[in-house]
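S.K.: Produce the complete structure using the sequences and hints provided.
As you go down the protein sequences, you meet chains Z and A in turn. Residues 55 to 480, numbered by the numbering used here, are exactly what the first sequence covers, in order. Residues 158 to 244, numbered by the numbering used here, are exactly what the second sequence covers, in order.
The set of hints was computed from the structure by calculation and includes no laboratory data. Quantities reported herein were computed from a predicted structural model and do not represent experimental measurements. Built from N, CA and C at the ideal position, the CB exists for glycine as well. Possibly wrong hints are sitting among the right ones.
Claimed, not checked - Selected chain A positions facing chain Z (Cβ under 8 Å, derived; list incomplete): (1) 162; (2) 163; (3) 164; (4) 165; (5) 166; (6) 167; (7) 169; (8) 199; (9) 200; (10) 204; (11) 210; (12) 213; (13) 242; (14) 243.
What the hints assert, rightly or not - Far from chain Z, some chain A residues (derived; all Cβ distances over 12 Å): (15) 173; (16) 192; (17) 215.
So you can see what is in the structure, the chains are spelled out below.
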Amino acid sequence: MTRTPLLTSDSAACCWIPLFALRCETARRPELAALPVALVGSDDTRRVWQVSPLARHAGVKPGMTVSQAIGLCPALKLCEPDPVHYDAQFSRLLAALGQVSPVIEPAELGRAYVGTDGLEGLYGAPEKIVEAIQLRIVDCGLRIGNTGVESAIRNPQSAIRVGWGQGKFVTWVAATRARPGEAVIVQPGDEGTFLAAQPLAVLPLDPDTYRRLRQLGVRTLGALAALPEEAVVSQFGRAGRRLWRLAAGRIAEPVVGRVAPEPIVAALTFFSPVGERELLVHAIDKLIDRALGDPRRSGWRVQVVRVRAELEHAASWLAEATLKEPSADRERIAAPLKTQLERSPPAGAVERLVVEFTAFAAGTTELQLFARDAQAAARAGRRRALRTAAQEIKLRLKRSLLYHVIEVQPWSRLPERRYALIDYEP
Amino acid sequence: MKTDRLIGINEPQRVEVELDEKGLPVGMRDAGYKIRAVEDIGEIWRIDDEWWRVPIHRRYVEVIIESGRRVVLFEDVITGEWYVQKP
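M.R.: Structural data, given as structure tokens:
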């Protein structure tokens with residue numbers, strides 16, 4: 055594993071696919087396209103998360119309780135969330151964008167920034183860069199309703215909106231102003247003029263600040279930027295300074311990309327779907343142990359860990375945690391996942407569980423590093439010897455017959471459920 | 158991505174069992190098709206599980222066979238079939 059350098063870019067494109075999760079659902083179940091549809095939240099299954107235009111027309115809004123939504127629209131079709139599927143589709147989008155530029159920064163599901171510094175040499179003017187981005191998205195086979203190049207660009211039925219400009223805020227606002235299938239390009243130097251006409255709602259405001267600004271008669275970014283900076287700061291503090299600078303186009307945050315290392319993955323398919331929380335916690339512990347044992351992890355601490363669960367009836371569950379202090383300790387890695395499991399457990403029984411380490415930090419702290427690396431080197435030596443032996447066995451017998459015995463449900467009353475064999479690949 | 162699939166161990170093995178009038182084993186035919194007489198009956202217990210999915214009802218009987226070996230048999234109460242399994 056190599057270090058993950060930071061890549062930055064001042065000029066940026068923001069790719070935005072609104073209602074990404076809902077579009078993923080309607081793409082794989084086309085019969086939903088003609089119905090009022092709402093996705094139920096992953097965190098709170100009693101509330102509606104994303105709402106199709108037909109459902110919105112009937113009065114259904116995100117955040118409503120399911121019963122309120124059905125009361126307003128009896129024909130409403132409710133879908134269980136499948137975050138693993140949405141995540142896979144979003145990864146596909148990021149991979150497609152990665153073919154245009156090495157600087158990619160995901161913001162949220164369906165929204166990502168592409169650093170475009172230096173791309174003019176490859177593609178030409180910003181219009182051409184944006185077109186290259188749109189074409190890559192269509193070509194990648196992302197199933198969000200775009201089946202051909204013609205359908206994605208300058209087509210009101212398309213899902214993709216793109217904004218281009220200097221800094222992430224300007225490009226995001228530009229993307230929100232773009233019509234479906236189109237792009238809005240803000241030329242360098244035009245940021246102030248472009249932002250001045252935008253409504254206040256494009257700023258990252260909390261409801262209270264938004265209400266106070268409206269009460270002060272501020273409706274647009276231009277009106278906010280016209281106020282003295284210090285006056286805004288005296289009213290809204292530090293956050294006010296940032297808002298004022300964003301509104302005035304004085305902040306151009308660069309896109310920060312990161313070379314994504316190949317994740318370390320450990321997966322487990324259960325004999326029969328599992329709903330017991332204790333068993334899931336136990337399985338997560340075991341999978342973390344296995345992932346920690348991967349030789350690629352030696353000398354590295356885990357920074358980002360995620361758990362994906364495939365549930366019965368094609369639903370899924372996803373939990374991700376970024377560790378403030380990267381760790382190679384199972385308990386520390388598992389703790390935030392267990393909290394999430396406790397707070398918002400899967401909505402159904404789990405058929406398959408996957409633990410992934412997706413970001414790492416070098417195990418570099420003075421003396422401890424020395425000790426850890428010495429142990430890691432010893433482990434690596436043992437693994438090399440094991441790997442050679444395993445390869446020899448495979449060569450002689452044509453297939454590997456080495457397995458680990460692992461605990462599956464050690465407390466099960468059914469003896470065959472307690473332990474199982476799993477492929478051993480040192 | 159590598160996906161591991163679990164391979165079950167200690168799966169129940171079908172055996173033919175001869176029963177007395179009380180329904181307890183008096184002989185069994187082992188994997189080598191050799192008939193083994195049951196010399197003694199040990200503990201008997203029952204497992205009823207997974208009633209919410211495909212119900213499992215088993216009656217376990219611990220027996221000592223002629224070689225002096227301890228073997229655990231169980232009857233699938235639903236099908237009436239007998240199996241041998243390590244407890």
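S.K.: Give a verdict on every hint.
M.R.: Evaluation of the provided hints:
Here the hint on residue 162/A is kept, as its CB sits about 6 Å from the closest CB of chain Z, short of 8 Å. A least Cβ separation of about 4 Å between residue 163/A and chain Z falls short of the 8 Å threshold, and the interface hint therefore holds. Interface restraint check for residue 164/A: the shortest CB-CB distance to chain Z comes to about 4 Å, inside 8 Å, so the restraint holds. With its C-beta approaching chain Z no nearer than about 6 Å, residue 165/A sits inside the 8 Å limit, and its interface hint holds.
The criterion of a C-beta within 8 Å of any C-beta in chain Z is met by residue 166/A, whose closest approach is roughly 6 Å, and the hint holds. For residue 167/A, the interface hint holds, since its Cβ comes within 8 Å of a Cβ in chain Z; the closest pair sits about 5 Å apart. A hinted interface residue such as residue 169/A counts as satisfied when its beta carbon comes closer than 8 Å to some beta carbon of chain Z; here the least separation is about 6 Å, so the hint holds. The interface hint given for residue 199/A is violated, since its Cβ lies 16 Å from the closest Cβ of chain Z, which is over the 8 Å cut-off.
Because the smallest distance between the Cβ of residue 200/A and any Cβ of chain Z comes to about 14 Å, over 8 Å, the interface hint for this residue is violated. At a threshold of 8 Å, the smallest CB-CB gap from residue 204/A to chain Z is about 5 Å, leaving the interface hint in force. Here the hint on residue 210/A is kept, as its CB sits about 7 Å from the closest CB of chain Z, short of 8 Å. The interface hint given for residue 213/A holds, since its Cβ lies 7 Å from the closest Cβ of chain Z, which is under the 8 Å cut-off.
Checking residue 242/A against chain Z: minimum C-beta separation of about 6 Å stays under 8 Å; hint holds. Evaluation of the residue 243/A hint against chain Z yields a held restraint, the C-beta minimum of about 6 Å falling below 8 Å. At roughly 20 Å, the least C-beta separation between residue 173/A and chain Z is larger than 12 Å, which holds for a residue marked as non-interface. Distance check for residue 192/A against chain Z: the nearest CB is about 25 Å away, which clears 12 Å, and the non-interface claim stands.
Against chain Z, the non-interface label of residue 215/A is violated: not every CB pair exceeds 12 Å, the least being about 8 Å.
Of the numbered hints stated above, those contradicted by the structure are hints 8, 9 and 17, listed in ascending order.
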